[in-house]
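Participant: First to last, the protein sequences are chains Y and P.
Quick note, this note's numbering runs 5 ahead of the 1-based positions in the first sequence.
Quick note, this note's numbering runs 173 ahead of the 1-based positions in the second sequence.
For the record, the hints were derived by calculation from the structure and aren't laboratory data.
You may find that some hints are simply not true.
Claimed, not checked - Which residues of chain P face chain Y? A few of them, derived with a C-beta cut under 10 Å, are:
no., residue
1, F179
2, G207
3, N215
4, F216
5, G277
6, P369
7, G373
8, Q443
To be verified - Which bits of chain P does chain Y cover? Going by a derived footprint, with three or more residues having C-beta under 8 Å, they are:
no., segment
9, 180-192
10, 220-234
11, 279-290
12, 388-401
C-beta atoms are modelled at their ideal positions from N, C-alpha and C, and glycine is treated no differently.
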Amino acid sequence: MSEQLPIRLTVNGAELSAEVEPRLLLSDFIRHRAGLTGTHVGCEHGVCGACTVLVDGEPQRSCLVFAVQADGAEVETVEGLAAPGAELHALQQAFHEEHGMQCGFCTSGFLMTSAALLREHPHPSDAQLLDAISGNLCRCTGYQNIIRAVRSAEAKLAAQAGDGTPAAAPAGDADGA
Amino acid sequence: MKPAQFAYHAPTRLEELLQLLADGAGEARVLAGGQSLVPMMNFRLATPETLVDLRRVQALRELSVRAADGALLVGAGVTQARLLREPAVQAGFPLLAAGVAHVGHPQIRSRGTVCGSLAHSDPTAELPALALAHDARMTIARAPRRREFPPGSTNRTQPWNSQSERRELAADDFLVSYYETAVEPGELLEQVAFPPLPDGAGWSFRELARRHGDFALAGAIAVVAPGRHARLVLFGVGDRARRIASVEELLLRAPAADAVPGDAAALLEQIRTQVPALVAAAVNPSGDVHASADYRRELAGTLAVTAIAEALERAR
Ligand SMILES: Cc1cc2nc3c(=O)[nH]c(=O)nc-3n(C[C@H](O)[C@H](O)[C@H](O)COP(=O)(O)OP(=O)(O)OC[C@H]3O[C@@H](n4cnc5c(N)ncnc54)[C@H](O)[C@@H]3O)c2cc1C
Ligand code: FES
Ligand code: FES
Chain Y
6 MSEQLPIRLT VNGAELSAEV EPRLLLSDFI RHRAGLTGTH VGCEHGVCGA
56 CTVLVDGEPQ RSCLVFAVQA DGAEVETVEG LAAPGAELHA LQQAFHEEHG
106 MQCGFCTSGF LMTSAALLRE HPHPSDAQLL DAISGNLCRC TGYQNIIRAV
156 RSAEAKLAAQ AGDGTPAAAP AGDADGA
Chain P
174 MKPAQFAYHA PTRLEELLQL LADGAGEARV LAGGQSLVPM MNFRLATPET
224 LVDLRRVQAL RELSVRAADG ALLVGAGVTQ ARLLREPAVQ AGFPLLAAGV
274 AHVGHPQIRS RGTVCGSLAH SDPTAELPAL ALAHDARMTI ARAPRRREFP
324 PGSTNRTQPW NSQSERRELA ADDFLVSYYE TAVEPGELLE QVAFPPLPDG
374 AGWSFRELAR RHGDFALAGA IAVVAPGRHA RLVLFGVGDR ARRIASVEEL
424 LLRAPAADAV PGDAAALLEQ IRTQVPALVA AAVNPSGDVH ASADYRRELA
474 GTLAVTAIAE ALERAR
C-alpha cells in the first residue's frame, strides 16, 4: 500500500480524522470508511450524479474528488438531511409524496442536488431547476415526478420558513431536463 | 475502476508548487478541479506518478478586473461556478457568462476550473473558444530551470527561488491540437486574462448538444462591430477551436449596419449565402456515434450564420 495521509473533515457535522491513501475517492471514503451508504456510486466518471454530495455547501461528484482533497472540508450526505427516525426533510417527504423515485438508486444524488439548489435559490426558475438536475440521471421516473417533487419541497420549505412567497406553478410539462 | 497509486502534494506557496512540478520531471501533473483528470484516472487512462494539487495556493485564486485595461484576470484556482457568480463577469463579460453556463452541470462547474478547461483543451470545450473570441492571453509559469545553492551555503530555509519564469501567449498560440496546448511538462497555466469586447460590439454564443450540459456537437461564437471588429470562432469541428479568417474578412468589409438604409438586410443576405460555404471549407470535423462529419460541417455553417445574425443585432 502506498503512503497514507492524514485528513480531518466533518461529515454531516461530525468531525472525522482518518489516514487515507491519496487515491481513495471521497465516494469510497464516505461509504466504506464513514459507513454512510446512502451515497450511491453508479458510473464513477462523473456522468450519472448518483454520488452527489455537498462539499462546503456546493454540490459535487464525490467520485471525482479524492478524499485527501476534502481535508478541512464540510461534507454533507443524504444522511444529513434528517436524523434516523426523525421527521423527513421536506425534500425527502416531497419525493415520497410525488413518487419522485422508483428504484431509488439516483435519489440521494437528486436530493443533494436539489437541497443545494433550494438553498441558493429558494424559488428557482424552471431554467435554474432544469440546469441543476440536468447533472443527475434517472433511469426509472422520466423526471417529471422529480420536478414536481422539487417544486413541492420548494413550497414546503417556504411554508416552514414562513416567507409567504407563493411557490411557482409546478413545472411538470417543462421540456427535456 | 479505481485509480492507480500516486503521490499527492498540496503545497500552499506558488513557488513550491512550481518546484514540485519541475522536480516531477514530466511525471507530475497539476490537479485543479479534477473534473477531467479524475475520470481518466478512474479508468486508468491516466496514471500520473505524482499529483500537485493547487487548491491551497491562495495566490492562484485571483479573480478581478485589471484597472489598466479592464481585462478580467482569472487565476488557475478559480472555478467555473465562481466565475459565473462574480457580478463583474455578469455585468461586463456577458459572452463569457453565457458560454461558461454551457460547461457541464452545476456539480461539475463547482469544482472544474477555467484554466483547467483551457489546459485540458478538449476540442469540443467552450472555454478555449471563448478565449479565442475574447483575444485572451495566457500566463504560463515554471520554476527556474536550475536550482542552485551558493557553494558552501548552509542556509536552505528558502529552497524555492522566487524568480519563477513566466511567458505570456495569445490564445491562438496557446491552443495546439486535440488535448494539447503550449503548456509543457513541469509548467503551470497560472492565469488567463480576458480583455473586454470592443465598445459597441455585438456577440452571440450558439452550440448544439444532445442533452443540456453535454459536450457540444458543434458550437459557434460571433463578436461583431460592423466594419471595425470581427471574430468568428467554431469549436467541436476540428482538432481545436479556431477562428475562421475568411468569414472575419467578409464581416470586416461589411458596412456599419446603419450606414445606408437597406444595407443591414443586404448584409444578412450575403452572410446567409456565403458563410456556410466558407465555413465548410475551413473546418475539418470527424464523425462519431453522436454525429457524422458531414452533419457537423453543415451544423457549423448553420450555427455560424445564426450567431453572426444575432451578434449583428446586438451590435450598436
Ligand atoms: C459529466 C461531465 C460533463 C462535462 N461537460 C463539459 C462540457 O460540456 N464542456 C466542457 O468544456 N467541459 C465539460 N466537462 C469538463 C470540465 O469542464 C472540466 O472541469 C475541465 O475540462 C477541466 O478542468 P479541471 O479544473 O477539472 O481540471 P483537471 O481535471 O484537474 O485537469 C485537467 C487537465 O489539465 C491539467 N491542468 C489543469 N489545470 C492546469 C493548470 N492550471 N496548468 C497546467 N495544467 C493544468 C491537468 O494536469 C490535467 O491534465 C465535463 C466534465 C464532466 C465530468
Ligand atoms: S458515480 Fe459519480 S457521477 Fe456517477
Ligand atoms: S429511481 Fe431508479 S434511477 Fe431514478
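Participant: If a hint holds in the structure, say so; if it doesn't, say that too.
Facilitator: Hint-by-hint comparison with the structure:
For F179 of chain P, the interface hint holds, the least distance from its beta-carbon to any beta-carbon of chain Y being 6 Å, beneath 10 Å. With 10 Å as the threshold, the beta carbon of G207 of chain P comes within range of chain Y, its nearest partner Cβ sitting at about 6 Å, so the hint holds. Proximity of N215 of chain P to chain Y holds as hinted, the smallest CB-CB distance being about 5 Å (cut-off 10 Å). Proximity of F216 of chain P to chain Y holds as hinted, the smallest CB-CB distance being about 7 Å (cut-off 10 Å).
About 7 Å separates the beta-carbon of G277 of chain P from the nearest beta-carbon of chain Y, less than 10 Å, and the hint is met. Among the interface hints, the one on P369 of chain P is violated; its C-beta lies about 26 Å from the nearest C-beta in chain Y, farther than the 10 Å criterion. The interface hint given for G373 of chain P is broken, as the beta carbon of that residue sits about 29 Å from the closest beta carbon of chain Y, more than 10 Å. Evaluation of the Q443 of chain P hint against chain Y yields a violated restraint, the C-beta minimum of about 34 Å exceeding 10 Å.
With 3 residues carrying a beta carbon less than 8 Å from a beta carbon of chain Y, the segment 180-192 of chain P meets the three-residue requirement, and the given coverage holds. Under the rule that three or more residues need a Cβ within less than 8 Å of chain Y, the assignment of the segment 220-234 of chain P holds, with 3 such residues. Against chain Y, the segment 279-290 of chain P contributes 5 residues with a C-beta closer than 8 Å to a partner C-beta. That satisfies the three-residue criterion, and the hint holds. Counting residues of the segment 388-401 of chain P whose beta-carbon sits less than 8 Å from any beta-carbon of chain Y gives 0, not enough to reach three: the coverage restraint is violated.
Hints 6, 7, 8, 12 from the earlier list are contradicted by this structure; the remaining hints agree with it.
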